[in-house]
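Protein chains: 2
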Amino acid sequence: MVQHSTRSIDRVMAAIADPTRRAILERLARGPARISDIAEPFPMSLTGFCKHVRVLERARLVRRTRRGRENTLELSPEPLRAVADWVLNYEHFWNERLDRLESFFAKEREKEKPR
Amino acid sequence: MVQHSTRSIDRVMAAIADPTRRAILERLARGPARISDIAEPFPMSLTGFCKHVRVLERARLVRRTRRGRENTLELSPEPLRAVADWVLNYEHFWNERLDRLESFFAKEREKEKPR
Numbered sequence: 001m002v003q004h005s006t007r008s009i010d011r012v013m014a015a016i017a018d019p020t021r022r023a024i025l026e027r028l029a030r031g032p033a034r035i036s037d038i039a040e041p042f043p044m045s046l047t048g049f050c051k052h053v054r055v056l057e058r059a060r061l062v063r064r065t066r067r068g069r070e071n072t073l074e075l076s077p078e079p080l081r082a083v084a085d086w087v088l089n090y091e092h093f094w095n096e097r098l099d100r101l102e103s104f105f106a107k108e109r110e111k112e113k114p115r
Numbered sequence: 001m002v003q004h005s006t007r008s009i010d011r012v013m014a015a016i017a018d019p020t021r022r023a024i025l026e027r028l029a030r031g032p033a034r035i036s037d038i039a040e041p042f043p044m045s046l047t048g049f050c051k052h053v054r055v056l057e058r059a060r061l062v063r064r065t066r067r068g069r070e071n072t073l074e075l076s077p078e079p080l081r082a083v084a085d086w087v088l089n090y091e092h093f094w095n096e097r098l099d100r101l102e103s104f105f106a107k108e109r110e111k112e113k114p115r
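Chains as they are written, first to last, in our numbering: chain A, 1 to 115; chain B, 1 to 115.
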């Protein structure tokens, strides 16, 4: 029941728990880019930025390739699928709540009907 | 662009990155339960277990209520919705890959057709 803590999904969830790392993934969703270009808008040192990149690499969420003199990053979205699968197990809770709200408003409308 | 790291979604993602905490949520998806009953199958001290519960409480994923002499936990799945919303932005990447596979097999079937 309790799995070992270094499983892939644990690493992926820990990786996306950080807003900088989510922003990197969001940037790469628009296409591959050079590390220095991705780093530019972030208010941190390139060293600090590269630590975030390494966390994403270990979670297999990005791939690094060398093009000419610079490293290029590419999104590797596949591991996010396990997160989606897990979290969507809870989707029916929101849907049930929506169903209850919907039936509440349906009853309210019924009450307001002229007789 | 870069948000502060104590945002709700960061806490929620960090909370679900641990397999023990995911297992607690999975248990509570079947209904509320007493803390000692939920703790029982986990190979750890009650103190260690309660630390995990506090992480889930801070992420607002569980609610604790006092019933008689014991604390009862209840699932509060609403914060998971933000995780689902974020991760489903990447769904089209998997779907595109499936579409490409599908069209590959469609072409293969076309080739095999008797003329």
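Just so you know, these hints were derived from the structure itself, not from any lab. Be aware that a few hints might be false.
[Said to hold, decoys possible] With a Cα cut of at most 20 Å, we get these calculated EDC-like pairs of lysine to aspartate or glutamate:
hint : chain 1 : residue 1 : chain 2 : residue 2
1    : B       : 51        : A       : 74
2    : B       : 51        : B       : 26
3    : A       : 111       : A       : 99
4    : B       : 51        : B       : 37
5    : A       : 51        : B       : 91
6    : A       : 51        : A       : 85
Hints, one by one, checked against the model:
1. A C-alpha spacing of about 37 Å is found between residue 51 of chain B and residue 74 of chain A, which places the hinted pair above 20 Å, so the restraint is violated.
2. Taken as a hint, the residue 51 of chain B and residue 26 of chain B pair is honoured in the structure, with Cα atoms around 17 Å apart against an allowance of 20 Å.
3. For the given pair, residue 111 of chain A sits about 19 Å from residue 99 of chain A by alpha-carbon distance, which is consistent with the 20 Å threshold.
4. With a CA separation close to 16 Å, the supplied pair residue 51 of chain B and residue 37 of chain B stays within the 20 Å bound.
5. Restraint check for residue 51 of chain A and residue 91 of chain B: not satisfied, since their Cα atoms lie roughly 26 Å apart, outside the 20 Å limit.
6. A hinted pair counts as satisfied when its Cα atoms are at most 20 Å apart, and residue 51 of chain A with residue 85 of chain A does not qualify at roughly 28 Å.
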